[in-house]
Amino acid sequence: MLGYVAIGVPCGILSASIGLDALQAFLLSALFYSGAGQFMIPNMWIAGAPLASIIASVSLVNTRQMLYSAAFAPACRGVRKRLAFLFAATVTDESYGVNVAKFSEGGWSVGRATAVNLLSQSSWALSNVAGVLVGNAVGVPLAIASFAMTSIFICLLVTQKPSAANLVAAVTAVLGVVACKAAGLSGPAILVGALAGVAAALAFSWAGRRG
Amino acid sequence: MGSMAWGDFLVALVCCGATMLLCRVVPLFALKGRNLPEGVERALGFIPPAAFAALVANDLLSPGMFDAGLWPAAAPLVAAGVVALVAWRTKSLLWCAVSGVAAYALLTLL
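Quick mapping for you: the protein sequence lines, in order, are chains C and W.
Position 35 (the first sequence) corresponds to 35 in the numbering used here; numbering is contiguous.
Position 17 (the second sequence) corresponds to 17 in the numbering used here; numbering is contiguous.
One thing to keep in mind: the hints can contain errors.
[To be verified] 25 Å max Cα-Cα, derived DMTMM-like pairs, lysine to aspartate or glutamate:
1) W:91 x C:93
2) W:91 x C:105
3) C:102 x W:41
4) C:181 x W:67
5) C:161 x W:38
Bear in mind the hints are in silico, worked out from the structure with no lab data behind them.
Same shape as in the complex, but just chain C (with noise of 0.2 Å):
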């Protein structure tokens, strides 16, 4: 629960400079839920990417959640559908590797998992309301609090599997974010970057496995 203030605070700081008040600040962390996309819609909007790019971004990088989905769906089996909906809407990056552990020690239920992301979601939507108080009533430098971010970002790719294909996906990914920025395209910038990036790891898989 501490780590959802932890970045939840610094995220509704960054919503509160682009003018996002507490309702919508809210609103985003009860309806999309997503540490990493509410920190990209405010950081590519300061940075001037058009509304187009930042849906398109923020949606590629929402895929991510179908493989946590599809890893749940062995658990559901048998659960009221209603249930199963709530559990699914609220699964997130940390709370799926709660969850994941508790299922496969056993005695884990699919309600109690539901309770977990609840309370998770819970503390995100007030920490980030209270980001945005916060970011109102004091100046927080942006360039600190959006490193936050970047230091959730980091994490999160750290604790990749290290295989040889995932290094591929990165470091293309890396090249491809630098070469549009270079060409001056700073906006489709993530966006061409990570499409490069999974294009080439998919082409070094299917490489490996004919040779």
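Starting from the known structure of chain C, fit chain W onto it as the hints suggest.
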């Protein structure tokens, strides 16, 4: 830098919220315990490393960042190194956020 109006906010909220909900819910209900096609699963598996690397690179690197000299520009890179070390040792998002903000604040205020 302008602030985001309600109209733009609602478009972003609805679009991002909808793709997020679909990604979170559809696989769970569509699979009913079966596995994703292997190629799809592999491509999805490459999205996190590629997307997170792109996001980090976008935050840390820009052409001409060292034009004004090595030091102030290198501060975020050093802070990023600290975070990578903390991430590797603790795997904790909380400690990464705290150490990253602290390192970055200290280095830029030096």
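Verification of the supplied hints:
1. W:91 x C:93: 12 Å, holds
2. W:91 x C:105: Within the cut-off at roughly 20 Å; holds.
3. C:102 x W:41: 23 Å, holds
4. C:181 x W:67: Roughly 15 Å between the alpha carbons, so the hint for residue 181 of chain C and residue 67 of chain W holds.
5. C:161 x W:38: With a Cα-Cα distance of about 18 Å, the restraint between residue 161 of chain C and residue 38 of chain W holds, given a limit of 25 Å.
The structure shown violates none of the earlier numbered hints.
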